[in-house]
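Just so you know, the protein sequences line up as chains A and B, in that order. What the first sequence shows, in this note's numbering, is residues 1 to 138, in sequence order. What the second sequence shows, in this note's numbering, is residues 139 to 305, in sequence order.
The hints are simulated quantities; they were obtained by calculation from the structure and are not laboratory data. Don't be surprised by glycine CBs; every beta carbon is placed ideally from N, CA and C. Hints should not be assumed to be uniformly reliable.
[Said to hold, decoys possible] Computed Cβ-Cβ distance ranges for the label pairs, DEER-style: (1) A:N82 with B:D161: 24 to 34 Å; (2) B:D152 with A:E72: 17 to 27 Å; (3) B:G271 with A:A104: 41 to 51 Å; (4) A:H133 with B:K181: 16 to 26 Å; (5) B:T184 with A:D5: 52 to 62 Å; (6) B:D161 with A:E72: 27 to 37 Å; (7) A:P41 with B:D161: 32 to 42 Å; (8) B:G172 with A:P66: 44 to 54 Å; (9) A:A44 with B:S168: 35 to 45 Å; (10) A:P81 with B:E187: 49 to 59 Å; (11) B:K204 with A:A135: 47 to 57 Å; (12) B:T232 with A:M26: 36 to 46 Å; (13) B:E230 with A:N82: 17 to 27 Å.
[Claimed, not checked] Cut-off 25 Å, straight-line C-alpha distance, at most; resulting in silico cross-link-like pairs (SDA-like, lysine to any residue): (14) A:K22 with B:K176; (15) B:K165 with A:A15; (16) A:K54 with A:E72.
[Claimed, not checked] Not the full set, but computed from the structure, chain B residues with beta-carbon under 10 Å of chain A: (17) T166; (18) Q245; (19) T249.
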Amino acid sequence: MFKPDTKFLVVDDFATMRKIIKKVLMELGYSQIEEADDGKPGLAAMQAAAQSGKPFGFVISDWNMPGMTGIEFLKAAKADPNLRSTPFMLVTAESEQKNIIEAAQAGVSDYVVKPFNAQTLRAKLERVYAKHHPAKAA
Amino acid sequence: MGAAHKIEINPLLDKNFLNAFVDGVVKTLSLMAGTDVKPLGPKIETKFESRGEVAGMVGMVAGNMKGTLTISYTQNSIFKILENMLGEKYTELTPDVTDAVGEMTNQIYGTAKTTLNQMGYQFEMAIPTVIQGKFYISQYHSGTTLVIPFQITGTENIFFVEVTVQV
Numbered sequence: 001m002f003k004p005d006t007k008f009l010v011v012d013d014f015a016t017m018r019k020i021i022k023k024v025l026m027e028l029g030y031s032q033i034e035e036a037d038d039g040k041p042g043l044a045a046m047q048a049a050a051q052s053g054k055p056f057g058f059v060i061s062d063w064n065m066p067g068m069t070g071i072e073f074l075k076a077a078k079a080d081p082n083l084r085s086t087p088f089m090l091v092t093a094e095s096e097q098k099n100i101i102e103a104a105q106a107g108v109s110d111y112v113v114k115p116f117n118a119q120t121l122r123a124k125l126e127r128v129y130a131k132h133h134p135a136k137a138a
Numbered sequence: 139m140g141a142a143h144k145i146e147i148n149p150l151l152d153k154n155f156l157n158a159f160v161d162g163v164v165k166t167l168s169l170m171a172g173t174d175v176k177p178l179g180p181k182i183e184t185k186f187e188s189r190g191e192v193a194g195m196v197g198m199v200a201g202n203m204k205g206t207l208t209i210s211y212t213q214n215s216i217f218k219i220l221e222n223m224l225g226e227k228y229t230e231l232t233p234d235v236t237d238a239v240g241e242m243t244n245q246i247y248g249t250a251k252t253t254l255n256q257m258g259y260q261f262e263m264a265i266p267t268v269i270q271g272k273f274y275i276s277q278y279h280s281g282t283t284l285v286i287p288f289q290i291t292g293t294e295n296i297f298f299v300e301v302t303v304q305v
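The following block holds chain A by itself, in its conformation from the complex:
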């Protein structure tokens, strides 16, 4: 599983969802959690953290955001050599197949459909960890 000092970036235009995800992460033992309210400031935060030598270890982003959407944010992060290896999970209320396929093709680490509970988020984090650290998880 991701270490307790992992830096998380939570990106959602709804403050409530940021609070809920932050609360769940804190319950799971994580305390280094930063927030952004859209994909654009989220991408800027990722770039700034990478340049400062303290990159984020995990990004959780909503899909439906008014400025830069989650899928655009994901694609922009994957296009940046400094950010492309960062685990990236998308959150959305849309459970249609077309979204899942597009996100997978863009390189998303995993995908969680709202509504979800703490157990689901924890299971997703474990799956992403296994995907990004195959030797350790085996």
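Use these hints to put chain B onto chain A, whose structure you have.
The following block gives chain B in isolation, referenced to the frame of chain A:
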């Protein structure tokens, strides 16, 4: 000979249509807020009536069917849900409260929409609006409203899901 006439049935009379919203509410509040709720007796009204002190509203469009989903909360019911959801006590209708009402409306509609679309409807995602106080929807006065009251388990707190449809 006229063109083939499509028979239109009001979806509010379809038990599965009602259940999609009931399940959406129960699932969303259970997962996101750890709050158990139970539906009380639904009823059909010919006129939309606003209830509660804060409501999330979202337009529903599927083909030639137009409607509105409104989820109205009394202050006590939304404060209780938010306390369970965020671990914070609220005593006023602050921007945090209205933000949460909007997000829950989004999730409840998203969950119901997925079920409804699996049943053959083609509802699109839409952006919710949050309203405080009493209001009246003039453009839907000729529609029919399905009202489903919900009670938060272990409390007297009630909130209302209202689906107004014009076909």
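Hint check results:
Between N82 (chain A) and D161 (chain B), the C-beta spacing of about 44 Å breaks the proposed range 24 to 34 Å. A beta carbon spacing of about 38 Å between D152 (chain B) and E72 (chain A) contradicts the range 17 to 27 Å that was offered as a hint. Separated by about 44 Å at the C-beta atoms, G271 (chain B) and A104 (chain A) satisfy the suggested range of 41 to 51 Å. A hinted range of 16 to 26 Å for the beta carbons of H133 (chain A) and K181 (chain B) is inconsistent with their spacing of about 55 Å.
One distance hint, 52 to 62 Å for the beta-carbon pair T184 (chain B) and D5 (chain A), holds here, with the actual separation near 60 Å. For the hinted restraint 27 to 37 Å between D161 (chain B) and E72 (chain A), the CB-CB distance of approximately 32 Å keeps it satisfied. Between P41 (chain A) and D161 (chain B) the C-beta distance comes to about 35 Å, which sits within the given range of 32 to 42 Å. The hint said 44 to 54 Å for the Cβ distance between G172 (chain B) and P66 (chain A), and at roughly 29 Å that hint is violated.
For A44 (chain A) and S168 (chain B), the Cβ-Cβ distance of about 36 Å falls inside the hinted range of 35 to 45 Å, so the restraint holds. Our hint of 49 to 59 Å for P81 (chain A) and E187 (chain B) holds, since their Cβ atoms are close to 58 Å apart. At roughly 55 Å, the beta-carbon separation of K204 (chain B) and A135 (chain A) lies within the given 47 to 57 Å, and the hint holds. At about 22 Å, the CB distance of T232 (chain B) to M26 (chain A) disagrees with the hint of 36 to 46 Å.
In this structure the supplied range 17 to 27 Å is violated for E230 (chain B) paired with N82 (chain A), their Cβ-Cβ distance being about 44 Å. With a C-alpha separation of about 28 Å, the suggested pairing of K22 (chain A) with K176 (chain B) is violated against the 25 Å cut-off. Annotation: proposed proximity of K165 (chain B) to A15 (chain A) holds, straight-line Cα distance about 21 Å (limit 25 Å). The hinted pair formed by K54 (chain A) and E72 (chain A) meets the criterion: a straight-line CA distance of about 23 Å does not exceed 25 Å.
This hint holds: T166 (chain B) has a C-beta 4 Å from the nearest C-beta of chain A, less than the 10 Å allowed. Annotation: interface hint on Q245 (chain B) holds; nearest CB of chain A at approximately 5 Å, less than 10 Å. Below 10 Å, beta-carbon pairs count as interface contacts, and T249 (chain B) has one with chain A at about 7 Å; its hint therefore holds.
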